[in-house]
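**Student:** Each chain, written out:
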Amino acid sequence: MAEMKSTRQAYGEYLVELSNKIENLVVLDADLSGATKTNIFAKECPDRHFNVGIAESNLMGMAAGLATTGKIPFASTFAIFGAGRAYEIVRNSICYPKLNVKIALTHSGISVGEDGASHQAIEDITLMRVIPNMTVLCPADAIETRKMMDAAIAIDGPVYIRLGRSDVPVIFDEDYEFEVGKAGLLKTGRDVTIIAVGLMVGPALEAAELLKAEGISAQVINMGSIKPIDVDAIEEAAIKTGAIVTAEEHSIIGGLGGAVAEVLCEVAPVPMERVGIKDIFGQSGKVAPLMEKYGLTAKDIVAAAKKVIERKR
Amino acid sequence: MAFLEETAREIRKDIVKMIGKASSGHPGGSLSSVEILTLLYFEEMNVDEKNPRAEDRDRFVLSKGHAAPLLYATLAAKGFFPKEELQNLRQLGSILQGHPDMNKVPGVDMSTGSLGQGISAATGMALGGKIDKKDYKVYVLLGDGELEEGLVWEAAMAASHYRLNNLIAFVDNNNLQIDGAICDVMSPYPIDAKFEAFGWNVIMVENGHDFDQLRKAIEVAKKSEDKPTVIVCKTIKGKGVSFMENNAGWHGKGPNAEQVLQALAELEA
Ligand SMILES: Cc1ncc(C[n+]2csc(CCOP(=O)(O)OP(=O)(O)O)c2C)c(N)n1
Ligand SMILES: [Mg+2]
Numbered sequence: 000m001a002e003m004k005s006t007r008q009a010y011g012e013y014l015v016e017l018s019n020k021i022e023n024l025v026v027l028d029a030d031l032s033g034a035t036k037t038n039i040f041a042k043e044c045p046d047r048h049f050n051v052g053i054a055e056s057n058l059m060g061m062a063a064g065l066a067t068t069g070k071i072p073f074a075s076t077f078a079i080f081g082a083g084r085a086y087e088i089v090r091n092s093i094c095y096p097k098l099n100v101k102i103a104l105t106h107s108g109i110s111v112g113e114d115g116a117s118h119q120a121i122e123d124i125t126l127m128r129v130i131p132n133m134t135v136l137c138p139a140d141a142i143e144t145r146k147m148m149d150a151a152i153a154i155d156g157p158v159y160i161r162l163g164r165s166d167v168p169v170i171f172d173e174d175y176e177f178e179v180g181k182a183g184l185l186k187t188g189r190d191v192t193i194i195a196v197g198l199m200v201g202p203a204l205e206a207a208e209l210l211k212a213e214g215i216s217a218q219v220i221n222m223g224s225i226k227p228i229d230v231d232a233i234e235e236a237a238i239k240t241g242a243i244v245t246a247e248e249h250s251i252i253g254g255l256g257g258a259v260a261e262v263l264c265e266v267a268p269v270p271m272e273r274v275g276i277k278d279i280f281g282q283s284g285k286v287a288p289l290m291e292k293y294g295l296t297a298k299d300i301v302a303a304a305k306k307v308i309e310r311k312r
Numbered sequence: 000m001a002f003l004e005e006t007a008r009e010i011r012k013d014i015v016k017m018i019g020k021a022s023s024g025h026p027g028g029s030l031s032s033v034e035i036l037t038l039l040y041f042e043e044m045n046v047d048e049k050n051p052r053a054e055d056r057d058r059f060v061l062s063k064g065h066a067a068p069l070l071y072a073t074l075a076a077k078g079f080f081p082k083e084e085l086q087n088l089r090q091l092g093s094i095l096q097g098h099p100d101m102n103k104v105p106g107v108d109m110s111t112g113s114l115g116q117g118i119s120a121a122t123g124m125a126l127g128g129k130i131d132k133k134d135y136k137v138y139v140l141l142g143d144g145e146l147e148e149g150l151v152w153e154a155a156m157a158a159s160h161y162r163l164n165n166l167i168a169f170v171d172n173n174n175l176q177i178d179g180a181i182c183d184v185m186s187p188y189p190i191d192a193k194f195e196a197f198g199w200n201v202i203m204v205e206n207g208h209d210f211d212q213l214r215k216a217i218e219v220a221k222k223s224e225d226k227p228t229v230i231v232c233k234t235i236k237g238k239g240v241s242f243m244e245n246n247a248g249w250h251g252k253g254p255n256a257e258q259v260l261q262a263l264a265e266l267e268a
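Chains as they are written, first to last, in numbering that gives the first Met the number 0: chain A, 0 to 312; chain B, 0 to 268.
The set of hints was computed from the structure by calculation and includes no laboratory data. Among the hints, erroneous ones may be present.
What the simulated footprint calls covered on chain B by chain A, stretch by stretch (three residues with Cβ under 8 Å from a Cβ of chain A suffice, anywhere in the stretch; the number is not a length) [claimed, not checked]:
| id | segment |
| --- | --- |
| 1 | 102-112 |
| 2 | 139-153 |
| 3 | 172-180 |
| 4 | 225-239 |
Glycine is no exception: its CB is placed at the ideal position from the N, C-alpha and C atoms.
Same shape as in the complex, but just chain A (with noise of 0.2 Å):
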C-alpha cells in the first residue's frame, strides 16, 4: 500500500520548510488554520503567521498589501471562501496589479465530505483560471504539492494552488519534477487518453488498469498545472489516440474539462467526455459514498473511456 496523505497536510509541513529559505515568506489564515494546516507553521514560525479571523475577504486584501511591501504571502482558507466570498478582491486586488500572493486553498471538491454543500467547492477551478494573471495548480498527492509550491515561489505574481481535505495515496517519488504549463504523462497508451487533475489521478490510473483487463489501451496525463495549460500535450493525445476523457473533483463546466475541451474543438477536434460533477451541488456523507454516488470513481472513468471509444466509429 501506498503511504497516504493529504494535499492540505502537506502544504503545512512543506511551509515550513519553505521558510528556511525564503525570509519574506509570510502565511495568512481565516481561523481555521488547524484545517488548512498552517498551524503547523504558526508553531514553527509565530511571528510571520497572521490569523485574521472569519473574514476571507480582508484575507485576501491584506494578502495583496503584504506582497507590495515584499513579502510572499501565502493566503489559505477553505477553497469555498477563499475563491468565492473573497473572488472580487482575488480579481482586483490582486491579479488585477499581478501581486506576488499565493492563494492556497483546501477543502476543495465534495471530498470535504460531513460539512455538506455549504462548505464543498465546486466552482474554484473556473472562477480561478478565468481571472487574467493567475496561475492555477492542483497537486495528485504530497510530493507534488510540495514541488508545486516551490514553482508557485519561482513565479512573481498570483498562484492559486487547490489543495483537498482527504488523505490521497503518494504516487510520485522525491525526484518527481514539475513545471508550470507541463502536462506529466504517467502511462502511454493507443486507444484513448486520460488527463486527470488532484485526487482523480489516482482513479484514472487504476481506471487504466481495469480498461487494460477489457483489451483497450489508455494513456494517462496529469494535467496538475490547469493555467497554463500544456496546449501540446493535449494536441498530441488527440492525434494518437482519437479519444479524450476528462477527470476531476469539481464541475464539469469550466473546469479541467472546460479547459481540455477549448483547446481541443481549437487545435484537435476529438471525441471527448468529461468526467466531473454533473452541474449538481454536492451533499453531506461520507467520502467514498460521495465519490461514488457523484461519478468520480475509476468505473466512472472506465465507462467514460468506453462511451468515448465508441463514438470515434
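Guided by the hints, dock chain B with the ligands onto chain A, whose structure is given.
**Tutor:** Leaving out everything else, chain B with the ligands in the frame of chain A:
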C-alpha cells in the same frame, strides 16, 4: 422541573447523540445556544409545525449555520419532523445536511453555513415583512467569531438604515471560535458599542442560559419602535457537558461512544 428546562435538557441530549452517531459535527456552538432556541421555539415564536411556510409566521435564521444539530433537535422536539430523523445527521441522502438546507428540512427558513450570510438574509426577510405590512418578527442567531465577517456589518448598517425594528439578533457570546479565544484570534470587542454605533438597540444578557433574563430581553426588543435590536448573550461553549465546556477543541468534532455516554450521564444528572 419546569417545561422549558426539561425541553432544553432533551435538546442537549439529542445534540450529543446525533453528533456522536455521525462522528462529526459541531457540539460546542450547538450546546451554547440551547436556551435561546428553546425559548424562541417553545414560547416566543409564532410558528406552526403543521404549516412550516405559513406567510405570517415569525422567521428564524441560524446565521451560525454550523450549529445545525441544535436547530434540527429543536425543530424535531417542536414536531416539524419525526425525531427518528435525527439519527441520520450528515448521512448521504439525509434531509439533515451538515449545514441547514431550507429546501430539505421543514421549519428551516434559510439555508446557511457560510458565516455572515444569515444576518444579511434575515435583514432582507425583515425588509420584506415591512414591504408587505406584516407584523412578523425575524430572529437571527450569530456567533461571536462570526462578527469578524465584514458582511455582518454591512447587514447591520442596512437594518438600521431601513429602521427594521422587526429584526432581533442574538449574539452567542461564548468567547471562542475555532482557532481559540475570540480576543486572541481577532477581537470583535466591544460588541455592544459597535452595534450601538451602527444604530441598533443593544441589550446585554449576563447569563444566556437563564430563561428569565432572555425572556426580559426579548420583551424589550419587541417594543423597539424604529431600530433593530441585538441581544448579546454571555454563554458557555459546550454548556452542560463538563469536558466540552469552554474548550475550543470541541468546536467541530464528534464525541466517541464512551464520551457520548459520559455526556448523557451528566445531562441526566
Ligand atoms: C464564511 C465562513 N468562514 C469560515 C467558516 C468556517 N467556520 C465554521 S464555524 C467557525 C467559527 C465560528 O465561531 P463562532 O461564530 O464564535 O461560533 P460558535 O462559537 O458559536 O460555534 C468557522 C471559522 C464558515 N463556516 N464560514
Ligand atoms: Mg463563539
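**Student:** Check, residue by residue, whether the segment 139-153 of chain B contains three or more positions whose beta-carbon lies closer than 8 Å to a beta-carbon of chain A, and give the verdict.
**Tutor:** holds (count 5)
**Student:** Can you take a look at whether the segment 172-180 of chain B is actually covered by chain A? Rule is 3+ residues, C-beta closer than 8 Å.
**Tutor:** holds (count 3)
**Student:** Within the assertion that chain A covers the segment 102-112 of chain B, do at least three residues meet a Cβ-to-Cβ distance smaller than 8 Å?
**Tutor:** This one holds; 3 residues, not fewer than the three required, reach chain A with a Cβ under 8 Å.
**Student:** Tell me if chain A covers the segment 225-239 of chain B under the three-residue, 8 Å CB rule, please?
**Tutor:** With 0 residues close enough to chain A, the hint is violated.
Of the numbered hints stated above, the single one contradicted by the structure is hint 4.
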